[in-house]
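2 protein chains.
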Amino acid sequence: MNAEIIAVGSELLLGQITNTNAQFLSQQLAEIGVNVYYHTVVGDNSSRVLDAIKEAEKRADLLIFTGGLGPTKDDLTKEAIAAHIGRPLVYNEEALKSIENYFVKTKRPMTPNNKKQALVMEGCLVLANDHGMAPGMMVKGKNHFYMLLPGPPREMQPMFVRYGKPALLDVLEKVEKIESRVLRFFGIGESALETEVEDLLLAQQNPTIAPLAGDGEVTLRITAKHESEETALQMIQEAEEEILRRVGEYFYGYNDTSIARELAERLKETSHTLAAAESLTGGLFQSEMTAIPGASIFFNGGIVCYSNEAKEKLVQVKPETLESYGAISEQCAIELAENVRSLLNADFGISFTGVAGPDKSKGHSPGTVWIGLASKHRETKVFKLQLVGSREGIRKRSVKYGCHYLLAELAGDK
Amino acid sequence: MNAEIIAVGSELLLGQITNTNAQFLSQQLAEIGVNVYYHTVVGDNSSRVLDAIKEAEKRADLLIFTGGLGPTKDDLTKEAIAAHIGRPLVYNEEALKSIENYFVKTKRPMTPNNKKQALVMEGCLVLANDHGMAPGMMVKGKNHFYMLLPGPPREMQPMFVRYGKPALLDVLEKVEKIESRVLRFFGIGESALETEVEDLLLAQQNPTIAPLAGDGEVTLRITAKHESEETALQMIQEAEEEILRRVGEYFYGYNDTSIARELAERLKETSHTLAAAESLTGGLFQSEMTAIPGASIFFNGGIVCYSNEAKEKLVQVKPETLESYGAISEQCAIELAENVRSLLNADFGISFTGVAGPDKSKGHSPGTVWIGLASKHRETKVFKLQLVGSREGIRKRSVKYGCHYLLAELAGDK
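Chains as they are written, first to last, in the working numbering: chain A, 1206 to 1619; chain B, 1206 to 1619.
Just chain A, with the same shape it has in the complex:
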């Protein structure tokens, strides 16, 4: 079954709100194996709504509408569909009662236009609104199903989950389960990763593998369809194993995690503690670590040594080091990492020094980054990066590389 999601509301076209309903419904429909090929947003205008309906009927079996069920003049979704499929509107007693009760409860006078909300299409399945006044409905036309849902997410979401989704499952002859899993990678570019798995991307129809890039990371979403959930998951598992066999070294986690969160988890699991000394990242790394609840278990603290004075006074970097090599140097990164580790008596000390830009600093171009990694039991490591992009991008990616290196170090401990 193919569906099109049609949001009705001029406020969407004016950019006053985002169409989160389309995202929510798309996720819900994917779960029950309904394909969504189009989202449409149209304003509160009868003729344009009618055009959108006619167009959608050409390309979908199920039309799901959000918005335009309210009491005001420009709420016209229901009227437009009823007229189009030739169904009279009739008052729904339950809906009418609950609307009247609503006004009794809130001690407000019920204006006549509110009664309009209790009108439903004759012979439709009424979807109760447990969080508002306007009921939803599902109706079968000659060749299509039409589902009408309210616009406000807090009314629409529970209505769809409790009443709309079960109603759809009833009409779906056979439900194909769709399972999906996201693999997250860091340290490899989108196209480089795609080259590694290109044959899989092309070959596979089921499961499908879709790459997505952003913020210096790449993800691969594996999606499998099958009547049996177990088989679908098995198909995903096999695809995942093949992918990790090729690019596993860059893999760091599943679905909605982040590399900072993975690092935090690994530190907790291995009961290691961490301290940080940040120059170019200016506290961003520590801010990401402490964003994680319970951070005090693994994060002792650290220093934002933005000035040379701070590097000397707070992290005891030797003046000679700053004189002979400068702050943006391997030597400085090493001292920062080692000193902050011992100052705070942590298992690991990490340091960031370099140039975030936009301008050069001391002859070094923006994106020149040194990351020091000191550990209680091993020799200090130091990494050099040459990043490109905005000041913000360079800072963010430096932090992610820091997490990446420390994760690798912890993996070595296993």
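Watch out, some of these pointers could steer you wrong.
As the list claims (entries may be wrong) - Listed below are several chain B residues computed to face chain A (Cβ distance under 10 Å; list not exhaustive): (1) Glu1262; (2) Lys1263; (3) Thr1475; (4) Glu1483; (5) Ala1500; (6) Tyr1511.
Stated by the list, open to error - Pairs of lysine-lysine residues, derived as DSSO-like cross-links and limited to a Cα-Cα distance of at most 27 Å, are as follows: (7) B:Lys1586 x A:Lys1565; (8) B:Lys1518 x A:Lys1473; (9) A:Lys1567 x B:Lys1473; (10) B:Lys1278 x A:Lys1581; (11) A:Lys1589 x B:Lys1310; (12) A:Lys1518 x B:Lys1278; (13) B:Lys1523 x A:Lys1518; (14) A:Lys1586 x B:Lys1473; (15) B:Lys1565 x A:Lys1601; (16) A:Lys1473 x B:Lys1565; (17) B:Lys1523 x A:Lys1601; (18) B:Lys1586 x A:Lys1518; (19) A:Lys1601 x B:Lys1581; (20) A:Lys1567 x B:Lys1310; (21) A:Lys1601 x B:Lys1312; (22) A:Lys1302 x A:Lys1370; (23) B:Lys1310 x A:Lys1259; (24) A:Lys1567 x B:Lys1565; (25) A:Lys1382 x A:Lys1278; (26) A:Lys1518 x B:Lys1370; (27) A:Lys1589 x B:Lys1312; (28) B:Lys1310 x B:Lys1278; (29) B:Lys1473 x A:Lys1565; (30) B:Lys1473 x A:Lys1601; (31) B:Lys1263 x A:Lys1518; (32) A:Lys1586 x B:Lys1518; (33) A:Lys1370 x A:Lys1430; (34) B:Lys1263 x A:Lys1263.
Derived by calculation from the structure, the hints in this document are not laboratory data.
Note that CB positions come from ideal geometry on N, CA and C, so glycine has one too.
Assemble the complex: chain A is given as a structure, and chain B must be docked to it using the hints.
Relative to chain A, chain B alone:
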């Protein structure tokens, strides 16, 4: 001129991401008087993309596409449009160079599929991508304008604002000048602010005044239309003066600034320096200060004293203070602010201690926050907040309050 916004990307139809691009572009187009009657979302499928284009051409003069300009096989927007309007794709030298430079700079091998990103439609206006590799473009077909923009918001938004919007203004025959200015407020709630200016919100048709709230801030957008830019600006000026007459004490800046940026500017102007000691905010304040280019001029550095050990060792908080009052106390906030100021020999020292949550800490409920403000020439001040919300929200708003208090202190210096 009527526009349709077409987002291309299966990830949208699977509900993996929300179509925020459509909202952003709708706002931008409304500002320059372009009507948007439809949003469409279509997957990475040539024939369905083509259908969407044909449908949009029936109902709009301008088709704006987001997504599908990347290096991978399922990036096909450009190819579909070029084939449809019969424009050959040619390599754009500048784009090619910048892509090659990107790989040279990052010392990563450039895989062949990346070259694809430098292909543009013959005779189009190329829109440079200052935050990524794939350039955008605008091209005039027989009866329509087509604008292609990348999918990632951090690439698309600056590209549209810097290059796309001006290009559109050029083709709009007669533009009624639409000028708009955002006033930013902190320290007052949305409804409280709305009550103060309610009559203005209701009365005004031109200029219009639209409130927007988020992240503990409130903004008012004043928008005026007139053939003469000068008159439009004058109308805005008058509205602004009336608003500031009523709620000026909470006003901190215009348009896209942030309270952190305003603080940085004020510190630069008054040549003051700053040091920070952060407990619950864990480096977030310092990270925001150092996000500003040239931060080293006014920011000496600081300490993330997440543990009591760090408070004692690095900021020399007296053990007695921590024993008798605890870390979440007025006394600790004061010592942190005063000690970090003198440690780094700065004009001001700011400190943050409290509970970000989600759980209680040492008997204090989440949202309990102490902010200390020490200055070279004045008595130390300390502020107590009782915030509500998520861990992230509490951390963010604590940082904003810190900026707010320090801005007030600096205003006192004038």
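Hints, one by one, checked against the model:
1. Glu1262: At about 13 Å, which exceeds the 10 Å cut-off, the nearest Cβ of chain A leaves the hint on Glu1262 of chain B violated.
2. Lys1263: With a closest approach of 9 Å, the Lys1263 of chain B hint holds.
3. Thr1475: violated (18 Å)
4. Glu1483: For Glu1483 of chain B, the interface hint holds, since the closest Cβ of chain A sits about 8 Å away, which is under 10 Å.
5. Ala1500: holds (7 Å)
6. Tyr1511: holds (4 Å)
7. B:Lys1586 x A:Lys1565: Violated - the C-alpha atoms of Lys1565 of chain A and Lys1586 of chain B are around 38 Å apart, more than 27 Å.
8. B:Lys1518 x A:Lys1473: holds (24 Å)
9. A:Lys1567 x B:Lys1473: holds (21 Å)
10. B:Lys1278 x A:Lys1581: violated (47 Å)
11. A:Lys1589 x B:Lys1310: Since the Cα atoms of Lys1589 of chain A and Lys1310 of chain B sit roughly 13 Å apart, the hinted pair holds (cutoff 27 Å).
12. A:Lys1518 x B:Lys1278: Violated: Lys1518 of chain A and Lys1278 of chain B sit about 54 Å apart, past 27 Å.
13. B:Lys1523 x A:Lys1518: Judged against 27 Å, a Cα distance of about 19 Å means the pair holds.
14. A:Lys1586 x B:Lys1473: It is violated: about 37 Å lies between the C-alpha atoms, which goes past 27 Å.
15. B:Lys1565 x A:Lys1601: violated (30 Å)
16. A:Lys1473 x B:Lys1565: holds (20 Å)
17. B:Lys1523 x A:Lys1601: violated (35 Å)
18. B:Lys1586 x A:Lys1518: Holds: Lys1586 of chain B and Lys1518 of chain A sit about 26 Å apart, inside 27 Å.
19. A:Lys1601 x B:Lys1581: violated (34 Å)
20. A:Lys1567 x B:Lys1310: It holds: about 19 Å lies between the C-alpha atoms, which stays within 27 Å.
21. A:Lys1601 x B:Lys1312: holds (19 Å)
22. A:Lys1302 x A:Lys1370: This hinted pair holds, its Cα atoms lying about 25 Å apart.
23. B:Lys1310 x A:Lys1259: Distance ~52 Å between Lys1310 of chain B and Lys1259 of chain A Cα, so the pair is violated.
24. A:Lys1567 x B:Lys1565: The hint is violated at about 46 Å.
25. A:Lys1382 x A:Lys1278: Given pair Lys1382 of chain A, Lys1278 of chain A is violated - Cα atoms ~41 Å apart, limit 27 Å.
26. A:Lys1518 x B:Lys1370: Distance of about 50 Å is beyond 27 Å: violated.
27. A:Lys1589 x B:Lys1312: Holds: Lys1589 of chain A and Lys1312 of chain B sit about 12 Å apart, inside 27 Å.
28. B:Lys1310 x B:Lys1278: Judged against 27 Å, a Cα distance of about 25 Å means the pair holds.
29. B:Lys1473 x A:Lys1565: The hint holds at about 20 Å.
30. B:Lys1473 x A:Lys1601: holds (25 Å)
31. B:Lys1263 x A:Lys1518: violated (69 Å)
32. A:Lys1586 x B:Lys1518: Holds: Lys1586 of chain A and Lys1518 of chain B sit about 26 Å apart, inside 27 Å.
33. A:Lys1370 x A:Lys1430: Since the Cα atoms of Lys1370 of chain A and Lys1430 of chain A sit roughly 18 Å apart, the hinted pair holds (cutoff 27 Å).
34. B:Lys1263 x A:Lys1263: holds (16 Å)
Hint check: violations occur at hints 1, 3, 7, 10, 12, 14, 15, 17, 19, 23, 24, 25, 26 and 31; the rest are consistent with the structure.
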